[in-house]
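Trainee: Sequence:
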Amino acid sequence: MNTTKFITLASMLFLGLTISSCKKEGCTDSAATNYSSEADKDDGSCIYAQTPPAGNAIDGNPKVKYTIDGVSVSQEANMTFFSATGASKNIGQSTTDAVWSSYLYDDVEQYAIFDVSKGVLTYPNGSLSDSEFYDYFMPGTYTYADLSEEGVSIEIGSPNGINYSSNDGPQAGSTFEIVSRKQVQVGFEIQVKVHIKFSCKVYRGGDVKTITNGVYIGNFSQ
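For the sequence shown, this note's numbering assigns the number 13 to the initial residue and increments by one for each residue that follows.
Everything labelled a hint here was simulated from the structure, so no lab data went into it. Since this is a predicted model, take the numbers as computed values, not measurements. C-beta: ideal position from N, C-alpha, C; glycine also. Do not rely on the hints blindly, as some may be mistaken.
What the hints assert, rightly or not - What follows is a set of in silico ranges between Cβ atoms, one per label pair, in the way DEER data are often shown: (1) T153 to Y47: 41 to 51 Å; (2) V120 to K221: 16 to 26 Å; (3) T187 to S139: 29 to 39 Å.
Throw the hints in and build the complete structure from the sequences for me.
Mentor: Spelled out as structure tokens, the structure:
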């Protein structure tokens, strides 16, 4: 009798060990991205989704905001203001000189609210590839220029035709940075959307205004 009991207990212990050893391991936390409903034992492999950083500016609507002589200005694309692109090209015998513009336009008053341009880029006649055009807007800092040479410029418009431009005076201490960029599909065209931070002086004759804390989101296209 004692022998029978011993054999029975040994058999049960063996069976228990067998069942235990057959448990499927995996992630047992339902909040994890790799949760397994078939797992009986957690093996520490759970992976959790990372919360993305809030407010990635380049994914927002085209807009411009800045402070000019202490006055804050903020305008965003809507039913009245729309985002647009432009290009000025001088085609020679074998090369093209190009300046590209991105701007917000007031469709009611019919004027460019804010315009940022980048050029001059000289390249063999023909169009740039999408990757070449994308590379032209590499994140980094750029120098203000009158666009007869490589550089950037900013122009601020008004409905009465009184415009101020960075082209018309010195820019000591001014800054212009392409913070980020991305390719976007607009119709059948691949455009480059940029997030820019800037500060500069803008001129109209002898009248000078100082821009600080500038941010621009907009597209460039060929």
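Trainee: T187 and S139, beta-carbon distance inside 29 to 39 Å?
Mentor: holds (31 Å)
Trainee: Take a look at whether the Cβ-Cβ distance between V120 and K221 falls inside 16 to 26 Å.
Mentor: Between V120 and K221, where Cβ atoms are some 24 Å apart, the hint holds.
Trainee: The hint says 41 to 51 Å between T153 and Y47; measuring C-beta to C-beta, is that right?
Mentor: holds (46 Å)
Hint compliance for this structure: no hint is broken.
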